[in-house]
Amino acid sequence: MLGYVIRRLVLAVFVLWGVATAVFAIVRLVPADPALLIAGSDASPEQLATLREKMGLDESIIVQYGKFLGGAMTGDFGDSFQQRVPAMDLIAQVLPNTALLAVLACALALVLSFPLGLLASLRVNGLVDRIVTTGSLFTQALPNFWIGVVLLLVFSRKLKWLPSVGLDSPKNLILPTIVLALPFVSVLTRMIRNGLLEVMGEGYIQTARAKGLLERTVIFPHAIRNAAIPVVTIVGLQFGTLLGGAAVTETVFTFPGIGRLLVLSLQGRDYNVAQACVLVIAAVFVLINLVVDLTYGFLDPRVRLAK
Amino acid sequence: MTKTQPGTAPSASPTDAPLLSVQDLTVEFSTAAGVARALRNVSFDVRAGETLAVLGESGCGKSTIAQSIMALLPKPAGSIVGGKILYGGRDLAAERIPAVRELCGTEIAMIFQDPLSSLNPVFRVGAQLAEPFRRRLGMGRREAWAKSLELLKRVGIPDAETRIRDYPHQFSGGQRQRIMIAMALALKPKLLIADEPTTALDVTIQKQVLSLLADLQAETGMAMILISHDLGVVADVATRAAIMYAGRIVETGAVRDMYDHPAHPYTKGLLESIPSQTSIGGRLKPIVGSPPNLLDLPSGCAFNPRCPFATDLCREQVPALRTPTTWPAGHEAACHLSEEVLTHA
Amino acid sequence: MTATAPAPAPAVNATMRHARRARRGVTVRIVVPLVVIGLIVVGAIVVPLVYHYDPLHADLLARLKPPGTVTSDGGTAILGTDQIGSDLFAQIMAGARVSLLVGVATLVISGVVGLALGLLAGHFGGWLDAALMRIADVQLAFPSILLAILVASVLGQGVGNIIIVLSISNWVVFARVARSQVLGLKNREYVEAARALGAGNWHLMFRTLLPGCMAPVIVVATTQFAQVILTEASLSFLGVGVPLGTPSLGSTIYNGTQYLSTAWWISTLPGIVLVILMLAFGILGDALRDKFDPRLRSA
Numbered sequence: 001m002l003g004y005v006i007r008r009l010v011l012a013v014f015v016l017w018g019v020a021t022a023v024f025a026i027v028r029l030v031p032a033d034p035a036l037l038i039a040g041s042d043a044s045p046e047q048l049a050t051l052r053e054k055m056g057l058d059e060s061i062i063v064q065y066g067k068f069l070g071g072a073m074t075g076d077f078g079d080s081f082q083q084r085v086p087a088m089d090l091i092a093q094v095l096p097n098t099a100l101l102a103v104l105a106c107a108l109a110l111v112l113s114f115p116l117g118l119l120a121s122l123r124v125n126g127l128v129d130r131i132v133t134t135g136s137l138f139t140q141a142l143p144n145f146w147i148g149v150v151l152l153l154v155f156s157r158k159l160k161w162l163p164s165v166g167l168d169s170p171k172n173l174i175l176p177t178i179v180l181a182l183p184f185v186s187v188l189t190r191m192i193r194n195g196l197l198e199v200m201g202e203g204y205i206q207t208a209r210a211k212g213l214l215e216r217t218v219i220f221p222h223a224i225r226n227a228a229i230p231v232v233t234i235v236g237l238q239f240g241t242l243l244g245g246a247a248v249t250e251t252v253f254t255f256p257g258i259g260r261l262l263v264l265s266l267q268g269r270d271y272n273v274a275q276a277c278v279l280v281i282a283a284v285f286v287l288i289n290l291v292v293d294l295t296y297g298f299l300d301p302r303v304r305l306a307k
Numbered sequence: 001m002t003k004t005q006p007g008t009a010p011s012a013s014p015t016d017a018p019l020l021s022v023q024d025l026t027v028e029f030s031t032a033a034g035v036a037r038a039l040r041n042v043s044f045d046v047r048a049g050e051t052l053a054v055l056g057e058s059g060c061g062k063s064t065i066a067q068s069i070m071a072l073l074p075k076p077a078g079s080i081v082g083g084k085i086l087y088g089g090r091d092l093a094a095e096r097i098p099a100v101r102e103l104c105g106t107e108i109a110m111i112f113q114d115p116l117s118s119l120n121p122v123f124r125v126g127a128q129l130a131e132p133f134r135r136r137l138g139m140g141r142r143e144a145w146a147k148s149l150e151l152l153k154r155v156g157i158p159d160a161e162t163r164i165r166d167y168p169h170q171f172s173g174g175q176r177q178r179i180m181i182a183m184a185l186a187l188k189p190k191l192l193i194a195d196e197p198t199t200a201l202d203v204t205i206q207k208q209v210l211s212l213l214a215d216l217q218a219e220t221g222m223a224m225i226l227i228s229h230d231l232g233v234v235a236d237v238a239t240r241a242a243i244m245y246a247g248r249i250v251e252t253g254a255v256r257d258m259y260d261h262p263a264h265p266y267t268k269g270l271l272e273s274i275p276s277q278t279s280i281g282g283r284l285k286p287i288v289g290s291p292p293n294l295l296d297l298p299s300g301c302a303f304n305p306r307c308p309f310a311t312d313l314c315r316e317q318v319p320a321l322r323t324p325t326t327w328p329a330g331h332e333a334a335c336h337l338s339e340e341v342l343t344h345a
Numbered sequence: 001m002t003a004t005a006p007a008p009a010p011a012v013n014a015t016m017r018h019a020r021r022a023r024r025g026v027t028v029r030i031v032v033p034l035v036v037i038g039l040i041v042v043g044a045i046v047v048p049l050v051y052h053y054d055p056l057h058a059d060l061l062a063r064l065k066p067p068g069t070v071t072s073d074g075g076t077a078i079l080g081t082d083q084i085g086s087d088l089f090a091q092i093m094a095g096a097r098v099s100l101l102v103g104v105a106t107l108v109i110s111g112v113v114g115l116a117l118g119l120l121a122g123h124f125g126g127w128l129d130a131a132l133m134r135i136a137d138v139q140l141a142f143p144s145i146l147l148a149i150l151v152a153s154v155l156g157q158g159v160g161n162i163i164i165v166l167s168i169s170n171w172v173v174f175a176r177v178a179r180s181q182v183l184g185l186k187n188r189e190y191v192e193a194a195r196a197l198g199a200g201n202w203h204l205m206f207r208t209l210l211p212g213c214m215a216p217v218i219v220v221a222t223t224q225f226a227q228v229i230l231t232e233a234s235l236s237f238l239g240v241g242v243p244l245g246t247p248s249l250g251s252t253i254y255n256g257t258q259y260l261s262t263a264w265w266i267s268t269l270p271g272i273v274l275v276i277l278m279l280a281f282g283i284l285g286d287a288l289r290d291k292f293d294p295r296l297r298s299a
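Chains as they are written, first to last, in the numbering used here: chain A, 1 to 307; chain B, 1 to 345; chain C, 1 to 299.
Certain hints may be false.
Computed cross-link-like contacts, DSS-like style, restricted to lysine-lysine with a CA-CA straight-line distance of at most 30 Å [said to hold, decoys possible]:
hint : chain 1 : residue 1 : chain 2 : residue 2
1    : A       : LYS160    : C       : LYS65
2    : B       : LYS75     : C       : LYS291
3    : A       : LYS171    : A       : LYS158
4    : C       : LYS186    : C       : LYS291
5    : B       : LYS188    : B       : LYS153
6    : B       : LYS75     : B       : LYS188
7    : B       : LYS147    : B       : LYS190
8    : B       : LYS188    : B       : LYS207
9    : C       : LYS65     : A       : LYS158
Which bits of chain A does chain C cover? Going by a derived footprint, with three or more residues having C-beta under 8 Å, they are [what the hints assert, rightly or not]:
hint : segment
10   : 12 to 25
11   : 135 to 142
Label-pair distances were calculated between CB atoms; the ranges are [said to hold, decoys possible]:
hint : chain 1 : residue 1 : chain 2 : residue 2 : range
12   : A       : TRP161    : C       : ILE272    : 21 to 29 Å
13   : B       : HIS169    : A       : TRP161    : 25 to 33 Å
14   : A       : ARG28     : B       : THR162    : 58 to 66 Å
15   : B       : THR162    : A       : GLY201    : 30 to 38 Å
16   : C       : VAL104    : A       : GLY75     : 36 to 44 Å
17   : B       : GLU150    : A       : VAL232    : 32 to 40 Å
18   : B       : THR162    : A       : LEU214    : 29 to 37 Å
19   : A       : SER169    : B       : HIS169    : 48 to 56 Å
20   : A       : VAL291    : C       : LEU61     : 56 to 64 Å
Calculated from the structure, these hints are not laboratory results.
Since we're looking at a predicted model, the values are computed, not measured.
Even for Gly, the Cβ is constructed at its ideal location relative to N, Cα and C.
Chain A with its partners taken away, still in its complex shape (with noise of 0.2 Å):
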């Protein structure tokens, strides 16, 4: 368990060291000078100079990129560049909206597909089954910011049930998090269903029905645990097209959350706080796989007391 735990640890910060020079790379084909875009146009060749040198834009590529990697560490990204305030704090003030959005999602989604995918095991080809199916190839055919703008249209402008903007009351989260569990629901269902229909043909699942259990306890917990496995992993990867659907979703309902922050930043191109937002996210997706991965084995006692 301890050498698999320290593999994990060892892929995740590689993956996000991948990510900060992807990004430090990205940043630096930017054709702008940033420090024309600080002091903005009218500034004279000697205010730039000093602001280059305060940034250290003077320095050579590769002291940048040293200090780039220790800031990023120690979550110093500098200063944001329209606001003048520490891009950290920018970030800290929209993360828990994202978070608190991506967890309502998920925690919809998975309420909806493990009761979903259950019974359309239960009765493959059957009326349930079809739905899902069905529904779940109409789901991932659904852009999710269209599919976001026709929410608002019908439910805020038309029926006026709900508000449209910002994040004023709890009903302002209602839209998003539907419209960001939609295909993660297609997704789970599908997963759920043949999972299970997987699950039920092993031999310990013939062994619970010949101790003479009832069905509903073969299904749980002998089945569930067992098909459960997969889609635990799944979450974790799902998580990430969440998040990344949260820059699209959080744009369209004008949500306050890390995701229109990345937007917005690049607008302005406040690059900064554009890279400080896409490597917290980074940061954030690789621990949520990284607690996955764990959870893996927590459930799976062979990877848990794999020597």
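Chain A is fixed; fit chains B and C onto it per the hints.
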């Protein structure tokens, strides 16, 4: 086929009544390639305390018998299309699945071929052993755990107090099968169906597991259906045997009688292909040809393409089980030419 | 023998019928999406020409007209007009043109690059394989749309840039599929035979291994096409995609969000076209997978 069951004495006193009586059982599987008849008019009895061996090649329908009795036929592909499974005055073939499951564990229990895949990998063996006590008898956690420990000790798991907290993958193959046996016997069933219980095990372990089964049988007085493809394995354990070929019982009788005087060419072929039956340096005599395709059986006796005795009659007419003329009752074979086969030996 | 046996003949027929129906189902699931995609392709090429569509032309009198309005020049705006008076139908089809163009170009670039790198990695193994697969791991361990947003905004708006961005995030998928396929084929007899006959690395990779990779690559390409189109629309929706003045389904939907209360059609209708495209490619991908390789079936 006659109504009389193989070995049924006409004077049926209540104590002599069979524990389980399978009559004319016919089972079909629908596959993409067509409908396969896995069992055709299979009949046999099992009496309290006795061991019946069911023998045959893989695919002959042995395991289907077990699945039919325990209502474990894969749904919706497999279904019982005819016959009866009588147990305790009830016809299990006609009962709904949950009703049959009520009997599973408490009256009839089963162990399977592969003990690794038969144990749930994510639960401790203790929890799996305790399950029958907790779920079926409603015992408390502590009491069920104690019972489980007792069982583990009884089936000979060393250091049971600590091993009860281990997971299935941490045990050896033989130990896993012992755990399966313990689990099956937890609720003291009257009949144990063992489906190839030793096939996945090393030869030395096979003997240990079989003798454990024999000991436990002597101790509890339960009846046993021992399904196997290995005639050597069952010789010492079983009292009676039924040989199956292509979904039918082709020969049935006392194990000793059958091994000494096979009345069906298939039985004879099986016995001749056991290494221990041949003197050292001698040649084994394999059965020519390959097992039949259930989707496309030959006409007449299904064994006729591989049979050295086959005549035109064998290619036209399906032989019924019968006692060969001038032969004692209780030994039956489904062969037109049993008399010839017997003298040939 | 007691009469318990129902005639097996009808059951056999039922099973055969089922198999036949399943086969026919696959054909339908291939033909129907292809027809739909074909119609959209034709529409994307022809409609903007017929309408003399000019994205920069504003007609303020014809702003925000609902679907079916008869315009001043006597034509009918069947899907209405947008906020600058452009015909929405023509604009959607011009947008679909950009989507399809971006999709095809991206698939060609990322497919060729990914396939080549996957072949190299699978064929030679060693450090090259290790390096490529680590890069792939890092890229897959990170939500690709974020990378796309970042790269797109740094590179600046432009159709060419979008194609580059999407190619960067898509080559990994092709490389992975090609590599795993090569690893599976490597030890087959026919590859061994070619090797034994003295075939060089080049011949082995492109004449022997490449054909074996094509079926799964085509399946993946179909599903990736839908993903690429979706990502392009998302980027354009966020304003980091196509430049102003280039019609795109994503930017049209974004423009419509300002007029949701007054002109619902601007945002909703282009989305429906997008959904139809996505559905067609999704169904096509599933059907091709069933046809070529049922083992590829996954959750």
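Structure-based check of each hint:
1. Under the criterion of a C-alpha separation no larger than 30 Å, the hint pairing A:LYS160 with C:LYS65 is consistent with the structure, at around 23 Å.
2. Taken as a hint, the B:LYS75 and C:LYS291 pair is honoured in the structure, with Cα atoms around 26 Å apart against an allowance of 30 Å.
3. The suggested pairing of A:LYS171 with A:LYS158 holds, with an alpha-carbon distance near 16 Å, which does not exceed 30 Å.
4. For the suggested pair C:LYS186 and C:LYS291, the alpha carbons sit about 23 Å apart, so the restraint of at most 30 Å is met.
5. A distance of roughly 16 Å separates the Cα atoms of B:LYS188 and B:LYS153; the hinted pair therefore holds under the 30 Å criterion.
6. Taking the CA atoms of B:LYS75 and B:LYS188, the gap is about 28 Å. The hint holds against a cut of 30 Å.
7. The hinted pair formed by B:LYS147 and B:LYS190 meets the criterion: a straight-line CA distance of about 19 Å does not exceed 30 Å.
8. Under the criterion of a C-alpha separation no larger than 30 Å, the hint pairing B:LYS188 with B:LYS207 is consistent with the structure, at around 23 Å.
9. Only pairs whose Cα atoms come within 30 Å are accepted, and C:LYS65 paired with A:LYS158 is accepted, the gap being roughly 18 Å.
10. Counting residues of the segment 12 to 25 of chain A whose beta carbon lies closer than 8 Å to any beta carbon of chain C gives 6, which reaches the threshold of three, so the coverage claim holds.
11. Restraint check on the segment 135 to 142 of chain A versus chain C: 5 residues with Cβ-Cβ distances below 8 Å, three needed, restraint holds.
12. The beta-carbon spacing between A:TRP161 and C:ILE272, approximately 23 Å, falls within the hinted interval of 21 to 29 Å.
13. Range check, B:HIS169 to A:TRP161: about 53 Å between beta-carbon atoms, so the 25 to 33 Å window is missed.
14. A:ARG28 and B:THR162 have their C-beta atoms about 60 Å apart, which keeps the hinted 58 to 66 Å range intact.
15. Taking 30 to 38 Å as the suggested C-beta distance range, the pair B:THR162 and A:GLY201 conforms, at roughly 33 Å.
16. At roughly 43 Å, the beta-carbon separation of C:VAL104 and A:GLY75 lies within the given 36 to 44 Å, and the hint holds.
17. For the pair B:GLU150 and A:VAL232, the beta carbons lie near 36 Å from each other, so the given range of 32 to 40 Å is met.
18. The given range of 29 to 37 Å is respected by B:THR162 and A:LEU214, whose C-beta atoms sit roughly 31 Å from each other.
19. At roughly 52 Å, the beta-carbon separation of A:SER169 and B:HIS169 lies within the given 48 to 56 Å, and the hint holds.
20. Against the hinted window of 56 to 64 Å, the Cβ-Cβ separation of A:VAL291 and C:LEU61 comes to about 59 Å, which satisfies the hint.
Consistency with the previously given hints fails for number 13 only.
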